[in-house]
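Novice: Once you have looked at the hints, place chain A on chain X.
Protein chains in written order, with the working numbering: chain X, 8 to 472; chain A, 95 to 193.
Worth flagging that the hints you see were computed from the coordinates, not collected in a lab. Misleading hints may appear alongside valid ones.
What the hints assert, rightly or not - Here are some, though not all, of the chain A residues that point toward chain X, as calculated from beta-carbon distances under 10 Å:
| no. | residue |
| --- | --- |
| 1 | G97 |
| 2 | V98 |
| 3 | A119 |
| 4 | N134 |
| 5 | F154 |
| 6 | A158 |
| 7 | G162 |
To be verified - Derived list of chain A stretches under chain X, where covered just means 3 residues or more per stretch with a C-beta under 8 Å from a C-beta of chain X:
| no. | segment |
| --- | --- |
| 8 | 140-150 |
| 9 | 179-189 |
Computed from a predicted structure; not experimentally measured. Glycine residues also receive a C-beta, built at the ideal position from the N, C-alpha and C atoms.
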Amino acid sequence: MHGVELLIPKLVLVALVLAMLPASFMLEGRRRRTALAVVALFLVAALAADISLVGSSGRFWADSIVVDGSTIFADLVILVLVLVLVVSRLDGGAHEKEEGDFLLLLLLSALGASVLASAGNLLVLFLGLEITIIPTYALVAFRTEEDRSYEAGLKYFVLSVMATALLLYGLSLVYGTTGSVLLPPVVGEGSPLLYAGLVLVLVGFSFKLAVLPFHQWMPDVFEVSPPEVASFLAVGPKVAAVAVLVRLLAGFPAGEGPWVPALIFLAVASMVGGNLMAFRQENLRRMLAYSAVAHGGYAVIGLAAGNAAGSDGALLYFAAYGVGALGAFLVVAVLERGGEGALIQDMAGLARRAPLLAGAMTVFLVSLIGIPLFSGFWGKLSVFWAAVQADMAWLAVIGTLNSAAALGYYGNVLRQMYMEEAVPGPGVTGKWGTRENGMRMALVVVVVMTMAVGLAPGLLLDIIG
Amino acid sequence: MTGVVFVTSLLLALGAYGALTRRNAVAVVISLEIMMNAANLNLVAFSRLHTPELMTGQVFALLAIAVGACEAAVGLALILAVYRRYGTTDLDRINLLRG
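Looking at chain X on its own, in the form it has when it is part of the complex:
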């Protein structure tokens, strides 16, 4: 078939998932490290293939799979994310005994996100979304020693399936009114039923993006799931969902119609609500969860702007925010494996106990705040700029005020790490707070990515364009 090289990143993921079904036990024995390194090598190969595809595009199987700039970009983000997570577990995660199952589910979910990002019709969109989400039900409840993890998994499941059902109903209405399943839909005149369908689809995706008021699952899930899963959920499915949402909304006239105020409402509600609730959190993970809700709101600004700068900006946003979130959750993983408490105040004096770990966390938090020269800043700048271009400057102003407010709760973590005295007790030791080389390597890679994107954001924009 012509152009099959465009699918190599996805095919590598398919091969890894298929190989892991019978061979997952390899990841659990004495050769665990080697097996994980092989998986990492395959992911690096997929990543290299993906980067070599930049600038090309193609359509496959009656337009059901579309490879274009946003697909390649989403694949890049997903592959980097999974690769870093695999590397961070090289020397033993919290679940060495079930490493095979864990990685199988994670890769399957990554594959689903990759398919979702390249969906060219509604069938593939639905299928991709479900391949992404179904493994995460199990992943969220993976810490079997903890009762609450099952509870979080079950609650997540119920809300998520409800959103999926609404989304499917919305998709059926879009199909019914336009008579075609291709993306972008051919809207023509438009009808109330079509708009009702679109609203239901948006509700479904809002849930997956965890924007207010569809965010309730996120704090619970972030609090008890393995940190790797939380960081994956914060970025992978979202970047894919944005890529496909852009393709879906492209069929509708830009900047008008009832969904624009709906998107604006989602954006403002998430930014303000997420930030307000993040202030009240004492638990580091719950704080990160509510701040993720706020970050989802910033990205939705890009979608609400409805122009090319906005859709690229929304994609870029999740990548730029994602490196910071990924890094923060890696730090959470280190703290947890080191026996630290889960509260923000348990981080007191971290700068003295584990200076390099605290330094890395500082870089991630500064990026999440959105200070210039770190990756998060460019994400914010691109969506705000898109809003200004779309004559929604006030939306950009609200966004800016919110990111200034976010300084409060991120700054609190910084204050604890640098200003407070450490309370004697069990906790992390050593410069990095961990003796695992894989985890150290992952942390260094994420710090470098945060700075590299911050200094040269053009690298990422070129991929989308």
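Specialist: Leaving out everything else, chain A in the frame of chain X:
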């Protein structure tokens, strides 16, 4: 078409009502399946309206049913795990988490 949408939207609302009010987790899953099936009915009906020879909607519905089965399987496994730990499937009594 309005007739179809009327019936299926009723089914969707019924499922949503069940999912929100039922306290037994298994009953909630059943309600969720009713919601999914409202969409499937839509797909099959619209397929007859638009392109009966292509059967796009039918294929979509089949796919959605298969995916729904996977989802239900994972969900029931979770319910079983919760039941073993908490000794109940009453969602109101499974509340160790704050949120």
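Novice: Indicate, hint by hint, whether the structure satisfies it.
Specialist: Against the structure, the hints:
1. G97: Because about 12 Å separates G97(A) from the closest Cβ in chain X, which is outside the 10 Å limit, the hint is violated.
2. V98: holds, 8 Å
3. A119: With Cβ-Cβ at 7 Å, under 10 Å, it holds.
4. N134: With a minimum Cβ separation of about 8 Å from chain X (threshold 10 Å), the hint on N134(A) holds.
5. F154: Holds: closest Cβ of chain X sits about 5 Å from F154(A), inside 10 Å.
6. A158: holds, 6 Å
7. G162: Given a least distance of 9 Å, the restraint on G162(A) holds.
8. 140-150: holds (count 5)
9. 179-189: Satisfied; 5 residues make the cut.
The structure fails to meet hint 1 from the earlier list, while all remaining hints are met.
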